[in-house]
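**Student:** Sequences listed follow chains A and B, in order.
Quick note on numbering that gives the first Met the number 0: the first sequence kicks off at 0 and runs consecutively.
Quick note on numbering that gives the first Met the number 0: the second sequence kicks off at 0 and runs consecutively.
Keep in mind that a hint or two might mislead.
Identical chains blur together in the list; that is why a pair holds if it fits in one copy or across any two.
Unchecked claim - Simulated pairs of lysine-lysine, BS3-like, Cα-Cα distance not exceeding 27 Å:
#1 K44 - K23
#2 K231 - K198
#3 K23 - K229
#4 K396 - K363
#5 K300 - K95
#6 K23 - K231
#7 K384 - K198
#8 K97 - K300
#9 K319 - K23
#10 K4 - K94
#11 K229 - K19
#12 K402 - K339
#13 K300 - K4
#14 K396 - K384
#15 K231 - K19
#16 K148 - K402
#17 K148 - K216
#18 K4 - K86
#19 K48 - K86
#20 K94 - K300
Simulated from the structure, these hints should not be mistaken for lab results.
Quick caveat, the model's predicted, so the values are computed rather than measured.
Number of protein chains: 2
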Amino acid sequence: MADIKIGLIGAGTVGSGVVKIMAKQTTFFREQLGLPVSLARVADKDLEKLKTLPVGDAILSNDAADVINDPEINVVIELIGGYTFAKEVVLNALKKGKHVITVHFEAAVGGGMPSIKTIREAMIGNDVLSVYTIINGTCNYILTEMTEKGAAFDPTLKEAQRLGFAEANPALDIEGGDTGHKTAIIASLIYDGYCDYDKVPVRGITEITADDIISAKDLGYTIKLLGVIKRKEGEESVDVRVNPVMVHNDHILASVNGVFNAVLLEGDAVGPILLYGAGAGEMPTASAVVSDIIDVARNIKSGDTNRIPMHFYSLENELKIKGIEEIESRFYLRFLVDDKPGVLADIAEEFGDRNISIASVMHKEAHDGNDHVPVIITTDMAIEKDLRDAVAAIEAKAFTHGKTQIIHIED
Amino acid sequence: MADIKIGLIGAGTVGSGVVKIMAKQTTFFREQLGLPVSLARVADKDLEKLKTLPVGDAILSNDAADVINDPEINVVIELIGGYTFAKEVVLNALKKGKHVITVHFEAAVGGGMPSIKTIREAMIGNDVLSVYTIINGTCNYILTEMTEKGAAFDPTLKEAQRLGFAEANPALDIEGGDTGHKTAIIASLIYDGYCDYDKVPVRGITEITADDIISAKDLGYTIKLLGVIKRKEGEESVDVRVNPVMVHNDHILASVNGVFNAVLLEGDAVGPILLYGAGAGEMPTASAVVSDIIDVARNIKSGDTNRIPMHFYSLENELKIKGIEEIESRFYLRFLVDDKPGVLADIAEEFGDRNISIASVMHKEAHDGNDHVPVIITTDMAIEKDLRDAVAAIEAKAFTHGKTQIIHIED
Chain A
0 MADIKIGLIG AGTVGSGVVK IMAKQTTFFR EQLGLPVSLA RVADKDLEKL KTLPVGDAIL
60 SNDAADVIND PEINVVIELI GGYTFAKEVV LNALKKGKHV ITVHFEAAVG GGMPSIKTIR
120 EAMIGNDVLS VYTIINGTCN YILTEMTEKG AAFDPTLKEA QRLGFAEANP ALDIEGGDTG
180 HKTAIIASLI YDGYCDYDKV PVRGITEITA DDIISAKDLG YTIKLLGVIK RKEGEESVDV
240 RVNPVMVHND HILASVNGVF NAVLLEGDAV GPILLYGAGA GEMPTASAVV SDIIDVARNI
300 KSGDTNRIPM HFYSLENELK IKGIEEIESR FYLRFLVDDK PGVLADIAEE FGDRNISIAS
360 VMHKEAHDGN DHVPVIITTD MAIEKDLRDA VAAIEAKAFT HGKTQIIHIE D
Chain B
0 MADIKIGLIG AGTVGSGVVK IMAKQTTFFR EQLGLPVSLA RVADKDLEKL KTLPVGDAIL
60 SNDAADVIND PEINVVIELI GGYTFAKEVV LNALKKGKHV ITVHFEAAVG GGMPSIKTIR
120 EAMIGNDVLS VYTIINGTCN YILTEMTEKG AAFDPTLKEA QRLGFAEANP ALDIEGGDTG
180 HKTAIIASLI YDGYCDYDKV PVRGITEITA DDIISAKDLG YTIKLLGVIK RKEGEESVDV
240 RVNPVMVHND HILASVNGVF NAVLLEGDAV GPILLYGAGA GEMPTASAVV SDIIDVARNI
300 KSGDTNRIPM HFYSLENELK IKGIEEIESR FYLRFLVDDK PGVLADIAEE FGDRNISIAS
360 VMHKEAHDGN DHVPVIITTD MAIEKDLRDA VAAIEAKAFT HGKTQIIHIE D
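Isolated chain A (complex conformation) (with noise of 0.2 Å):
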């Protein structure tokens, strides 16, 4: 059959990956895998960055039109990043018929983690009841630095930042705007409808505290910062949402550490799967492009491109997502009160008032002259939103200071 020829726009980081990978692996692909793919033609602006790669025989450009106007390309793989141009050129390249690979897909959910994959292919057989990511580096890598070191939020942002494990501006990676995109992407594909990222509720690790760290491990938990998707049967509204969780150090998320992205998938028929990887990185993520080229390579090869139809949500078709109303769960809760006769009677009133049970109360010791102490509570399962009014209503006290630490619970 004719060489499946294939175009790359954008040699970045990821980009470059791809390149080494077609360098190293073409001649396996061609020969043992009998997949014709050869890397045609590559662009960057940034030409001579392309001659230190090992593009062998693809004919390079600084101009993304001459791989999309070029009719022997295939595949055109896009990896501009951004959004302006990176939409144009994939639009374009779909409008002159070839066939597209960008960071959405595989590689847009964790890297080099078959997620994608896993949710499409090997559980076709299972409603998928439950999700839940740690899919955000950064994120991971500082509470986990927080929680081996029991240092503060600010001093182990800044050191991530000089270690490269933080961009200059995180705020998209700790105010779990990313987690966020991420979770959407996987509530869409799993649920079959558009699921808007506006809607989703996210909070991200910002507030966490050294305290909070140590009570997490007091009471035998691990803070993460968790992707949650649930549904219940029969309901038609999805939980999704972003929030640090206290995760039971028995659970096999509380293991994954430091950079490592994980996502745990559960089905009704195959129970939970994790998948654990690096998430992010040039040849991880090149990994999952360079898989995505091989399925499309074989798609073209056995004759029909839409093996696997894509969907596409219209915005009609969206995702109904739960407010905090119809949100359960266990929480765990710090306030800030005066140490004196009473203030116990009283916090344990405004949830019962509620309905709300009481799982687990820590009231510490004043000491050093701090008329202030703490009073760490965990729930049994409530509502969000009861729960939130119980928290006001004390907060409304007059022994009560500060703001109040809330962090759902997962056992």
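Based on these hints, arrange chain B on the given structure of chain A.
**Tutor:** Okay, now just chain B, sitting in the frame of chain A:
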């Protein structure tokens, strides 16, 4: 397009699970995925049992030949188990031109975990550098219980049998054979050659004592039964083996507990990928079989049933498996020796003579009037043959008693 008719032979544990998933998901497969699959025939020698399953419109039979000889059946699923009759069914179905799904394939290794799919598809752009498997639920359950309770092997096995986590005849599990079979399948797939199970060094968990578990804890390790596959770049021979390994507590495999399974794959591009899940059981294994059904149905629909060609290894194309003279590892050793001066120096000398570097020594005091004391040694990287020579030399000395424990270490 015409219906893709599926015939199932064998409705034991896994077969029943497949019937249940097809009953629940066939509408989804047909209407959402556009794959016109239907479970058209089910055969099992126990016709009465079939009638208790949600078989829908499938024609029931107590004769496998009814399925194989039906010209309308496109795909035969063989879930009979055993060797002789199952092999006959598979060969006859292939002769009739049917697609065949059997517990070879995805379900063969780790139940519902997509280990085969990850190797053949997601990691296709990678050279696989190493694989570590925890792939026998019985062994992992026993070792986890021994670790958590400080219990000895025999009573833990008995309790596991009582609870249904170990067979009445547990030899295939606890002696490592099951782990060896699955590890050999993975090695064959990865290195594209026949891995002869009979040449794989296999050691199970029957010799692991409560003392070893305690020593591991003291050293910061956890004992796991691992299937190991490693090949150094440029080397022809492969280190394939099954043995108990002390895994560092920071290693993700140390957190894989109870009956859960895991496969840790290391690719040259993607780095480590861990898959974790239920390795056995009715529904997890059935989930893997259904994933294979849908892959085959997608291929039939696309018109190319050979999209990912199967490899059948000729016996001549055999992997060269490393002998102990080539295997390198760190080691844990527990000697039982007389409590008298000079013993430690004599032991150290045997290691020194063979250029084996000692990493740590724990020499416990005698107590309870017992003259024999344990000496626990960990080594740096050493050739296994040199290590065993040193142990043999030490065991030949009058001060040594009983059999020395030898366990591999992975950091």
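**Student:** So, for every hint listed, does it hold in this structure?
**Tutor:** Tested hints:
1. K44 - K23: Classified as within: same-chain Cα gap 24 Å, cross-chain 52 Å, threshold 27 Å.
2. K231 - K198: within (19 Å within a copy, 49 Å between copies)
3. K23 - K229: between (41 Å within a copy, 20 Å between copies)
4. K396 - K363: within (19 Å within a copy, 60 Å between copies)
5. K300 - K95: both (19 Å within a copy, 26 Å between copies)
6. K23 - K231: between (46 Å within a copy, 17 Å between copies)
7. K384 - K198: Intra 17 Å, inter 62 Å, cutoff 27 Å: intra-copy only.
8. K97 - K300: Answer is both: 15 Å inside a copy and 22 Å across each meet the 27 Å cutoff.
9. K319 - K23: between (46 Å within a copy, 24 Å between copies)
10. K4 - K94: For K4 and K94, the Cα distance is within 27 Å only inside one copy (17 Å; across copies 38 Å).
11. K229 - K19: between (39 Å within a copy, 23 Å between copies)
12. K402 - K339: within (19 Å within a copy, 65 Å between copies)
13. K300 - K4: both (12 Å within a copy, 25 Å between copies)
14. K396 - K384: within (19 Å within a copy, 73 Å between copies)
15. K231 - K19: between (44 Å within a copy, 20 Å between copies)
16. K148 - K402: The answer is within: 25 Å in one copy meets 27 Å, while 42 Å across copies does not.
17. K148 - K216: both (12 Å within a copy, 22 Å between copies)
18. K4 - K86: Only inside one copy: K4 and K86 sit 22 Å apart there, 42 Å across copies, limit 27 Å.
19. K48 - K86: For K48 and K86, only the intra-copy Cα distance (23 Å) is at most 27 Å; the inter-copy one is 56 Å.
20. K94 - K300: both (21 Å within a copy, 26 Å between copies)
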